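Given the sequences, and given the hints that come with them, work out the whole structure.
Here the sequence shown is numbered in the working numbering, starting from 2 and rising by one per residue.
Please keep in mind that the hints were generated in silico from the structure rather than gathered at the bench.
Just so you know, not all the hints are guaranteed correct.
Claimed, not checked - Below, a list of computed lysine to any residue pairs in the SDA-like style, where the Cα atoms sit at most 25 Å apart:
| # | residue 1 | residue 2 |
| --- | --- | --- |
| 1 | Lys189 | Leu122 |
| 2 | Lys108 | Glu160 |
| 3 | Lys9 | Glu48 |
| 4 | Lys189 | Glu236 |
| 5 | Lys44 | Val33 |
| 6 | Lys9 | Glu80 |
| 7 | Lys44 | Thr65 |
| 8 | Lys9 | Asp34 |
| 9 | Lys194 | Pro72 |
To be verified - Using C-beta positions, here's what the derived DEER-type ranges look like:
| # | residue 1 | residue 2 | range |
| --- | --- | --- | --- |
| 10 | Ala142 | Asn55 | 53 to 63 Å |
| 11 | Thr79 | Arg169 | 26 to 36 Å |
| 12 | Pro203 | Ala3 | 44 to 54 Å |
Treat the numbers as computed from the prediction; the structure is a model and nothing was measured.
Ideal Cβ placement from N, Cα and C applies to all residues, glycine included.
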Amino acid sequence: MAKERLDKILASTGKWSRREAKELARRGLVSVDGAAIRSVEEKFDPETAEISVNGQALCYRRYTWIMLNKPAGYLSATEDGRGATVLDLLPRELQRQALFPVGRLDKDTEGLLLLTNEGGLAHALLSPKRHVDKVYYVRTAGRLTEEDCRAFAAGMSLEDGLQCLPARLEILTAEEVSEAHVTLREGKFHQVKRMLAAREKPVLYLERIRMGGLPLDPELSRGAFRFLTEEEIEELRALV
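Right, here's the structure in full:
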């Protein structure tokens, strides 16, 4: 990896600003490969250099990938004057890493949401050309039928002009309140809700449970998050 300025490396963790990094170095609290570094203008390879701050080894990630179990009531945005965003669920040091949601979930939709600062891979995962599957658990008002499944599979043309790619509707229970899994290969605005509304089965509850081969971690409580493993990140790269 190319060498980077020391203040940029420290700031990339989200724990310190560049100004704060400069002050840490001035106080002799930053060392690289065992030697104190007084100038944050010096450049190092963050993936090979052993960097410590006040005796604590620096955990460097070139890019950050987070899985969030999104609760209802939060907007999938980096900032919004209308209410709390998913970034408000993260500690301050992560909020300072320029993370953004990979795609969007509606304010009242829950479940799997990825956040990252790796723009290239994020945009590739969302590209309509990639057709990365997104799987949702849904509860609807009304009894779902095999006719609804066939309509999804054929690709629906909605009255509002939306032309949907073929999708999968897998009925789990068919009652007055039905349950199903919906698999989309695109992600248009309110798409699951609009498709089911067109079948006169309005959505009562919606949760994203999988993206590509990555399932929502069952150990994550609502509102909690964790970092993706290197293996999970590589699986995402393999999709694109």
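Checked hints:
Restraint check for Lys189 and Leu122: the C-alpha separation of about 19 Å stays at or below 25 Å, so the hint holds. Taking the CA atoms of Lys108 and Glu160, the gap is about 24 Å. The hint holds against a cut of 25 Å. For the hint pairing Lys9 with Glu48, the CA-to-CA distance comes to about 13 Å; that is within 25 Å, so the pair holds. In summary, the hint linking Lys189 to Glu236 is supported, as the alpha carbons are separated by about 24 Å, within the 25 Å threshold.
Annotation: proposed proximity of Lys44 to Val33 holds, straight-line Cα distance about 10 Å (limit 25 Å). Proposed proximity of Lys9 and Glu80 is supported: the alpha carbons are some 24 Å apart, at most 25 Å. For a cut-off of 25 Å, the pair hint linking Lys44 to Thr65 stands: about 21 Å separates their Cα positions. Restraint check for Lys9 and Asp34: satisfied, since their Cα atoms lie roughly 17 Å apart, inside the 25 Å limit.
Taken as a hint, the Lys194 and Pro72 pair is honoured in the structure, with Cα atoms around 18 Å apart against an allowance of 25 Å. The hint said 53 to 63 Å for the Cβ distance between Ala142 and Asn55, and at roughly 57 Å that hint holds. For Thr79 and Arg169, the hinted distance range of 26 to 36 Å is satisfied, since their beta carbons lie about 31 Å from each other. As the Cβ distance of Pro203 to Ala3 is approximately 53 Å, the hint placing it in 44 to 54 Å holds.
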